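Chemist: These are the residues of each chain, in order.
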Amino acid sequence: MNALSALLLRDLRLAVRVGGGAGMGVLFFLLVVTLMPFAIGPELALLRRIAPAILWLGALLASLLTLDRLFAADQEDGSLDLILMGRAPLEVAIATKAFAHWLTSSLPLVIAAPLLGILLDAESRAMAAVALTLLAGTPGLTFLGLIGAALAVTLRRGGLLVPVLILPLTIPVLIFGVTASNAALSGPVPFGTPFTILCALSLASLVIGPVAAAAAFRHAE
Amino acid sequence: MRLSAQDLVCRRGGREVFTGVDFSLADGEALIVTGRNGSGKSSLLRLIAGLLRPAAGRIVLEGGDPELTLSEQAHYLGHQDPLKAALTVRENLQFWSDYLGPAGAGREAALAAAGLANLADVPAAYLSTGQRRRLSLARLVSIGRPIWLLDEPTAALDSAGQARLAELMRGHLAQGGLIIAAAHGAIGLSDAKQLSLGEAA
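Line by line, the protein sequences give chains A and B.
Taking my numbering, the leading residue of the first sequence gets 1, the next gets one more, and so forth.
Taking my numbering, the leading residue of the second sequence gets 1, the next gets one more, and so forth.
If you are wondering where the hints come from, they were derived from the structure by calculation, not from laboratory data.
All figures in this text were calculated on a predicted structure; none of them were measured in a lab.
Any given hint could turn out to be false.
If we take Cβ atoms under 10 Å as the criterion, some of the chain A residues that face chain B in the derived model are [unchecked claim]: (1) Asn2; (2) Arg10; (3) Val32; (4) Thr34; (5) Leu47; (6) Arg48; (7) Arg49; (8) Ala53; (9) Glu76; (10) Asp77; (11) Met85; (12) Gly86; (13) Val92.
Just a sample of chain A residues kept apart from chain B, beta carbon distances all over 12 Å, derived [said to hold, decoys possible]: (14) Ala6; (15) Val16; (16) Leu84; (17) Trp102; (18) Pro108; (19) Ala128; (20) Leu174; (21) Ile175; (22) Thr193; (23) Ile208; (24) Val211.
Where chain A lies over chain B, by a calculated footprint (3+ residues, C-beta under 8 Å) [stated by the list, open to error]: (25) 64-75; (26) 149-155; (27) 159-168.
C-beta atoms are modelled at their ideal positions from N, C-alpha and C, and glycine is treated no differently.
Here chain A stands alone, though its shape is the one from the complex:
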């Protein structure tokens, strides 16, 4: 089997087996969205209006929650050393790990978003728009998160460092994700304008993330 497909398959297997924690992000997402109406109040018109923002915020926080495990688990048992010694280009190996992470932790969020939208009385068009923008935007979040995850591992500072480093970088993704979702509902800009920028942000981070993470590993002490 090819080195990269072996890596992808291993990470997917680990995520779905016992203790893999694939469901953690979705559970957190569910908590955020369920608690929101209790905090804001049961005014349906208001909830409906801010539903895309709440769903995006919940998904963003849920995807940041699991990011620091991306390399930390492999570092703790020494697997990371061997991954760095592989024959596949390091950038591509890192991108493969990020893709596996996206499949197991962000894709479930995209699928869960329309269902959780029901709790906020979102219109079906809004839920479709949120799901579509999350599908386009969450790869950007994961691949930007690679930078923080790699730095946290190479600097040997886990935990809080990843969200603190990554949060500022994710703000554009959040802005254009929510703007595109709202544009699909009420305008005034057409849906395509912010959505194209969102896609561009994701595509740029698909390149920048793995290259920056690989640089962090190569210059590690």
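We have chain A already, so just place chain B on it with the hints.
Modeler: Same frame as chain A, now just chain B:
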């Protein structure tokens, strides 16, 4: 194939771990690195594996595959056994064989060589420390890389395991491989070169 180092300096956390390390190894030769705790045995192996960068000096590999870097032709057996508890013994070994490559003796042969054939379908979570070490040894056999970097390979192994390890190392040397091992005691290689770290410091 010839692996050599000239005037190697390793600095970690602002402290010089060792300076002026030289060695040279040819096909079928082994080097045993000895020294007290903290003398830089593990750091030297990590330097060769490409996991650390030397502060000065250089490591040269002549006659290997010109398409590959030194670290892509080396096995690194560190203190930790890189196993995932949720995967079975066979799945763990299969992953590293597929990822690191190229294929060596084959998965089942490697498990047999390490004495783990009857544990192949057990999740790695249930292995003892010595069995985990044996699974790491199986990796050496199932993947055909010419340079073995072994950091205290006998740790946690019972006497039967140490005998198997010595047999594997002798087989590897007989096929023209290179071994650099950090060790405190004898590891069963009689005519190996010796490198002692930390005496000058």
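Chemist: Now, for every hint given, state plainly whether the structure supports it.
Modeler: To see whether the hints hold, each was checked on the structure:
1. For the restraint placing Asn2 (chain A) at the interface with chain B, the shortest Cβ-Cβ distance is roughly 7 Å, inside the 10 Å limit, so the hint holds.
2. A hinted interface residue such as Arg10 (chain A) counts as satisfied when its beta carbon comes closer than 10 Å to some beta carbon of chain B; here the least separation is about 5 Å, so the hint holds.
3. Residue-level restraint check for Val32 (chain A) is violated (minimum Cβ-Cβ distance to chain B is 28 Å; threshold 10 Å).
4. Evaluation of the Thr34 (chain A) hint against chain B yields a violated restraint, the C-beta minimum of about 30 Å exceeding 10 Å.
5. Evaluation of the Leu47 (chain A) hint against chain B yields a violated restraint, the C-beta minimum of about 40 Å exceeding 10 Å.
6. Checking Arg48 (chain A) against chain B by beta carbon gives a least distance of about 42 Å; that is not within 10 Å, so the hint is violated.
7. Hint on Arg49 (chain A) is violated. Least Cβ distance to chain B is approximately 44 Å, over the 10 Å limit.
8. Evaluation of the Ala53 (chain A) hint against chain B yields a violated restraint, the C-beta minimum of about 37 Å exceeding 10 Å.
9. The closest approach between the C-beta of Glu76 (chain A) and any C-beta of chain B is roughly 8 Å, which is under the 10 Å cut-off, so the hint is satisfied.
10. Hint status for Asp77 (chain A) relative to chain B: holds, with the closest Cβ pair at about 5 Å, below 10 Å.
11. The beta carbon of Met85 (chain A) is positioned within 10 Å of a beta carbon in chain B (closest approach about 5 Å), and the interface hint is therefore held.
12. Nearest Cβ of chain B to the Cβ of Gly86 (chain A): about 5 Å, under the 10 Å cut. The hint holds.
13. Because the closest C-beta pair between Val92 (chain A) and chain B is about 12 Å apart, greater than 10 Å, the hint is violated.
14. For Ala6 (chain A), the requirement that its beta carbon stay farther than 12 Å from each beta carbon of chain B is not met, with the minimum near 3 Å.
15. Its closest Cβ contact with chain B, about 9 Å, brings Val16 (chain A) to no more than 12 Å, contrary to its assignment away from the interface.
16. Annotated as non-interface, Leu84 (chain A) brings its C-beta within 12 Å of a C-beta of chain B; the closest such distance is 6 Å.
17. Annotated as non-interface, Trp102 (chain A) keeps its C-beta farther than 12 Å from every C-beta of chain B; the closest such distance is 20 Å.
18. Taking the minimum C-beta to C-beta distance to chain B, about 19 Å, the non-interface status of Pro108 (chain A) holds against the 12 Å cut.
19. Separation of Ala128 (chain A) from chain B is adequate, the least Cβ-Cβ distance of about 36 Å exceeding the 12 Å criterion.
20. Every C-beta of chain B lies more than 12 Å from that of Leu174 (chain A), the closest at about 33 Å, which supports listing it as non-interface.
21. A cut-off of 12 Å between C-beta atoms confirms that Ile175 (chain A) is not in contact with chain B; the least separation is 38 Å.
22. For Thr193 (chain A), the shortest C-beta to C-beta distance to chain B comes to about 43 Å, beyond the 12 Å cut-off, and the non-interface label holds.
23. No Cβ of chain B approaches the Cβ of Ile208 (chain A) within 12 Å, the least distance being about 24 Å, so the stated non-interface status holds.
24. Every CB of chain B is more than 12 Å from the CB of Val211 (chain A) (nearest about 18 Å), matching its label as outside the interface.
25. Figure legend: the segment 64-75 of chain B, annotated as covered by chain A; annotation consistent (4 residues with Cβ-Cβ distances under 8 Å, at least 3 required).
26. Residues of the segment 149-155 of chain B with a Cβ under 8 Å from some Cβ of chain A number 0, which does not satisfy the need for three, so the listed coverage is violated.
27. Only residues whose C-beta sits within less than 8 Å of a C-beta in chain A count toward coverage, and the segment 159-168 of chain B has 0 of them, not enough to reach three; the restraint is violated.
Of the hints listed earlier, those the structure fails to meet are numbers 3, 4, 5, 6, 7, 8, 13, 14, 15, 16, 26, 27, in rising order.
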